[in-house]
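K.L.:
This is what each chain is made of:
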Amino acid sequence: MTTISASTPAARPVDWPAILREAALTAFVALLLTVPLVGLRSVDQPTGLGLDTRFDQVAAVTLLVFLGRLGLGLIREGRALVVLVLSLLAAAAGFFIELPSEELRVLLIAGGAVLAIRAALTLVTNRSTLSQAERDKRMDRVAAKVQHASRWLAPIGILFAVAFPMMPFADRQLIDIGILLLTYIMLGWGLNIVVGLAGLLDLGYVAFYAVGAYSYALLAHYFGFSFWLCLPLAGLLAAFSGVLLGFPVLRLRGDYFAIVTLGFGEIIRIVLINWYDFTGGPNGISGIPRPTFFGIADFSRNGADGLPSFAEMFGLEFSTVHRIIFLYYLILVLALLVSLFTLRVRKLAIGRAWEALREDDIACASLGINRTNMKLAAFAIAAMFGGFAGSFFATRQGFISPESFTFIESAIILAIVVLGGMGSQLGVVVATFLVIGLPEFFRELEQYRMVAFGLGMVLIMLWRPRGLLAHRDPTILLHGRAKGTQTGSTQAAGGTAP
Amino acid sequence: MTTADMTNHMTSNNTAGAPLLTVEHLTMRFGGLVAVNDVSFEARGREITAVIGPNGAGKTTLFNCITGFYSPTVGRMTLRHPDGKSFLLEQMPGFRISQKAGVARTFQNIRLFGGMSALENLMVAQHNKLMRASGFGVAGLFGLPSYSRVEKESVELAKYWLDRVRLTELADWQASNLPYGAQRRLEIARAMCTEPVLLCLDEPAAGLNPRESADLAEILTYIRDKHETGVLLIEHDMSVVMKISDHVVVLDYGRKISDGDPDFVKNDPAVIRAYLGEEEDEELPPEVAADLGAELHDGKGA
Numbered sequence: 000m001t002t003i004s005a006s007t008p009a010a011r012p013v014d015w016p017a018i019l020r021e022a023a024l025t026a027f028v029a030l031l032l033t034v035p036l037v038g039l040r041s042v043d044q045p046t047g048l049g050l051d052t053r054f055d056q057v058a059a060v061t062l063l064v065f066l067g068r069l070g071l072g073l074i075r076e077g078r079a080l081v082v083l084v085l086s087l088l089a090a091a092a093g094f095f096i097e098l099p100s101e102e103l104r105v106l107l108i109a110g111g112a113v114l115a116i117r118a119a120l121t122l123v124t125n126r127s128t129l130s131q132a133e134r135d136k137r138m139d140r141v142a143a144k145v146q147h148a149s150r151w152l153a154p155i156g157i158l159f160a161v162a163f164p165m166m167p168f169a170d171r172q173l174i175d176i177g178i179l180l181l182t183y184i185m186l187g188w189g190l191n192i193v194v195g196l197a198g199l200l201d202l203g204y205v206a207f208y209a210v211g212a213y214s215y216a217l218l219a220h221y222f223g224f225s226f227w228l229c230l231p232l233a234g235l236l237a238a239f240s241g242v243l244l245g246f247p248v249l250r251l252r253g254d255y256f257a258i259v260t261l262g263f264g265e266i267i268r269i270v271l272i273n274w275y276d277f278t279g280g281p282n283g284i285s286g287i288p289r290p291t292f293f294g295i296a297d298f299s300r301n302g303a304d305g306l307p308s309f310a311e312m313f314g315l316e317f318s319t320v321h322r323i324i325f326l327y328y329l330i331l332v333l334a335l336l337v338s339l340f341t342l343r344v345r346k347l348a349i350g351r352a353w354e355a356l357r358e359d360d361i362a363c364a365s366l367g368i369n370r371t372n373m374k375l376a377a378f379a380i381a382a383m384f385g386g387f388a389g390s391f392f393a394t395r396q397g398f399i400s401p402e403s404f405t406f407i408e409s410a411i412i413l414a415i416v417v418l419g420g421m422g423s424q425l426g427v428v429v430a431t432f433l434v435i436g437l438p439e440f441f442r443e444l445e446q447y448r449m450v451a452f453g454l455g456m457v458l459i460m461l462w463r464p465r466g467l468l469a470h471r472d473p474t475i476l477l478h479g480r481a482k483g484t485q486t487g488s489t490q491a492a493g494g495t496a497p
Numbered sequence: 000m001t002t003a004d005m006t007n008h009m010t011s012n013n014t015a016g017a018p019l020l021t022v023e024h025l026t027m028r029f030g031g032l033v034a035v036n037d038v039s040f041e042a043r044g045r046e047i048t049a050v051i052g053p054n055g056a057g058k059t060t061l062f063n064c065i066t067g068f069y070s071p072t073v074g075r076m077t078l079r080h081p082d083g084k085s086f087l088l089e090q091m092p093g094f095r096i097s098q099k100a101g102v103a104r105t106f107q108n109i110r111l112f113g114g115m116s117a118l119e120n121l122m123v124a125q126h127n128k129l130m131r132a133s134g135f136g137v138a139g140l141f142g143l144p145s146y147s148r149v150e151k152e153s154v155e156l157a158k159y160w161l162d163r164v165r166l167t168e169l170a171d172w173q174a175s176n177l178p179y180g181a182q183r184r185l186e187i188a189r190a191m192c193t194e195p196v197l198l199c200l201d202e203p204a205a206g207l208n209p210r211e212s213a214d215l216a217e218i219l220t221y222i223r224d225k226h227e228t229g230v231l232l233i234e235h236d237m238s239v240v241m242k243i244s245d246h247v248v249v250l251d252y253g254r255k256i257s258d259g260d261p262d263f264v265k266n267d268p269a270v271i272r273a274y275l276g277e278e279e280d281e282e283l284p285p286e287v288a289a290d291l292g293a294e295l296h297d298g299k300g301a
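Residue numbers (numbering that gives the first Met the number 0), protein chains in the order written: chain A, 0 to 497; chain B, 0 to 301.
Treat each hint with caution, since some may be false.
Claimed, not checked - Here are the simulated lysine to aspartate or glutamate pairs, EDC-like style, with alpha carbons at most 20 Å apart: (1) A/346 x B/155; (2) B/128 x A/360; (3) A/346 x B/152; (4) A/346 x A/472; (5) B/99 x A/360.
Just so you know, the hints here were simulated from the structure itself, not pulled from any lab data.
Could you build the full structure based on these sequences and the hints that come with them?
P.N.:
See below:
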């Protein structure tokens with residue numbers, strides 16, 4: 000208390016009217032929001048849909064918001080200790096005393112805890128808030144540390160991913176989630192080439208995913224091609240469609256480019272729906288052949304198409320998990336391929352040109368870089384990886400329909416790239432776990448699942464507007480790591496030219 | 000070969016090199032506005048040619064035409080390499096002018112790749128060379144030795160220019176974190192890493208303090224003398240222009256009003272009029288009127 004009052008300009012009296020006004024205003028906003036969201040509830044009645052009111056909860060929520068804001072105001076005014084004690088008391092009360100509803104109790108405990116943490120932080124750091132710039136800098140340092148740690152984190156992660164299906168706790172469902180995560184990681188890494196490196200905002204990435212999936216499904220359906228033949232073909236076809244789209248579109252910039260790619264994604268989907276004779280329309284294509292074990296064994300019980308059964312061939316007990324595990328390794332290898340490609344290409348002229356295009360494409364032209372070709376290359380390569388992922392998706396599901404390739408898929412993949420931090424490979428992995436993994440793990444939360452998802456997004460946007468791990472390491476260093484970027488950022492202000 | 004050697008020999012003796020860039024009757028219209036109006040001039044190799052003029056005189060437009068950012072309405076721009084090849088710049092798409100013809104430029108408002116390190120900026124400048132060596136990505140992807148050799152050479156060239164513009168210490172800094180003067184110098188180094196025959200600088204001394212300007216002048220004379228590169232320079236800082244340029248072109252309202260060596264231009268009445276305005280019939284302070292009267296009288300007498 001004394002330290003606070005010593006550091007603030009005199010122990011000035013608390014400006015009660017201002018704080019109360021602020022708290023009342025916040026409570027009013029909360030009231031406006033909670034009346035429709037919490038206060039009204041539709042219930043099934045024998046006569047039809049009826050409305051139930053829960054205004055007691057609205058009042059409780061509004062009061063809590065009022066008190067919370069009051070607490071924040073008091074912390075700012077230098078009364079952190081009082082707030083700390085009171086908020087701890089509130090949390091304890093929520094914990095021990097019986098309350099009318101469970102939600103209220105959670106709210107009270109969580110709100111009290113958050114406020115207490117905030118007050119405690121203020122007491123420790125002697126400051127009520129960090130400025131945006133300071134917060135950014137602090138977060139950047141964390142991101143840089145993680146980036147440097149990725150030298151040993153990445154191998155550990157890969158080792159874990161390889162060992163995962165053999166772990167005792169890895170059941171069928173977990174491996175399935177693993178496959179899903181890896182598919183999105185691969186898509187994220189693929190889109191990262193276009194968005195993160197080349198700086199082209201592509202809102203229709205799912206189109207290439209669809210092209211890949213349908214390439215395999217249709218080639219298998221009409222010509223009976225096997226998965227291993229179709230995988231490269233699907234990649235090629237997707238890359239081709241990327242070039243086809245790229246030619247007219249790449250002269251556009253920024254927002255216009257994004258809009259056209261968005262349109263392209265929709266065009267592909269609508270064509271798939273309406274070309275009934277060829278694609279099966281909204282019914283999709285079913286009975287897509289499952290992958291064989293590199294064309295030498297099949298994963299069914301007795302083998303198929305003249306191939307022996309995988310279990311028999313390796314003298315194993317037959318299990319349906321074998322195929323799942325095989326699919327898991329397949330997508331792991333595909334995803335790592337994309338990652339490896341990105342890691343290598345960043346150090347090449349073409350990768351540097353992509354990053355330069357993202358930074359300033361007029362300067363690129365002045366250096367004799369053929370911008371159209373570079374962008375086309377980025378587009379085609381990313382599309383190719385999308386195509387690989389698509390044909391994997393088709394063979395895993397065994398059934399595809401245009402439903403799987405809606406805009407929301409593009410948005411999710413883009414969210415993974417942006418939240419992870421543009422251009423960061425590790426960021427994509429972390430963001431995939433957040434965006435795909437968490438909702439998958441927290442299926443028990445039911446209707447609150449999407450609320451939690453939205454809350455997470457908002458928090459990331461507030462704390463890390465440039466993405467979780469937005470930190471770029473130079474691709475080439477003259478002086479080695481010791482004198483590298485870290486000194487660059489800390490000495491920037493004091494550094495003067497010789 | 001002997002004739003080529005001879006011309007080389009001659010040019011190195013002469014202060015004036017062979018004509019490098021010839022601009023003839025260049026006109027650039029934007030709708031009704033004529034930004035550059037029938038401008039012709041010549042820039043020679045191993046010379047610093049300065050383009051000066053009041054604000055809005057069309058200097059940057061002229062630059063944008065030469066470097067391919069605009070295609071001129073009328074006119075011809077011929078670039079003659081010392082080895083005899085020649086290029087018609089107005090017929091080339093923008094990026095080829097740097098790639099094939101060897102014209103590099105800097106920008107009035109610095110355009111570095113801010114998120115990348117200083118060294119990376121210089122590596123990007125050597126894009127075309129590295130692309131060819133990496134077999135358009137394929138050989139590089141698999142790390143073939145032919146590529147790593149060329150890459151090593153590129154790093155050496157980048158180091159050389161970092162050293163020249165005194166940025167070696169700051170090579171690994173993010174370009175946007177560099178001090179302003181360093182960013183200006185890095186941009187010049189980046190342009191030089193494309194190994195150009197003509198370097199176009201758009202107000203390189205803008206925002207520099209006198210010491211940095213002197214540094215800049217030194218770098219530019221070094222480029223002229225040691226690299227056989229012609230320098231075309233837009234500049235407002237007359238101390239820099241008059242000190243280092245061999246040839247000055249003056250534009251006003253899109254027209255060329257004077258062309259010659261710095262001393263000639265400095266004393267050209269047309270230039271003085273453009274910069275200081277016309278004489279007007281105003282009440283002059285008595286001592287000025289007396290001076291003027293004496294001068295006029297002298298003029299009549301002579």
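K.L.:
For each hint given before, does the structure comply? Return the numbers of the non-compliant ones in rising order.
P.N.:
No numbers; nothing is violated.
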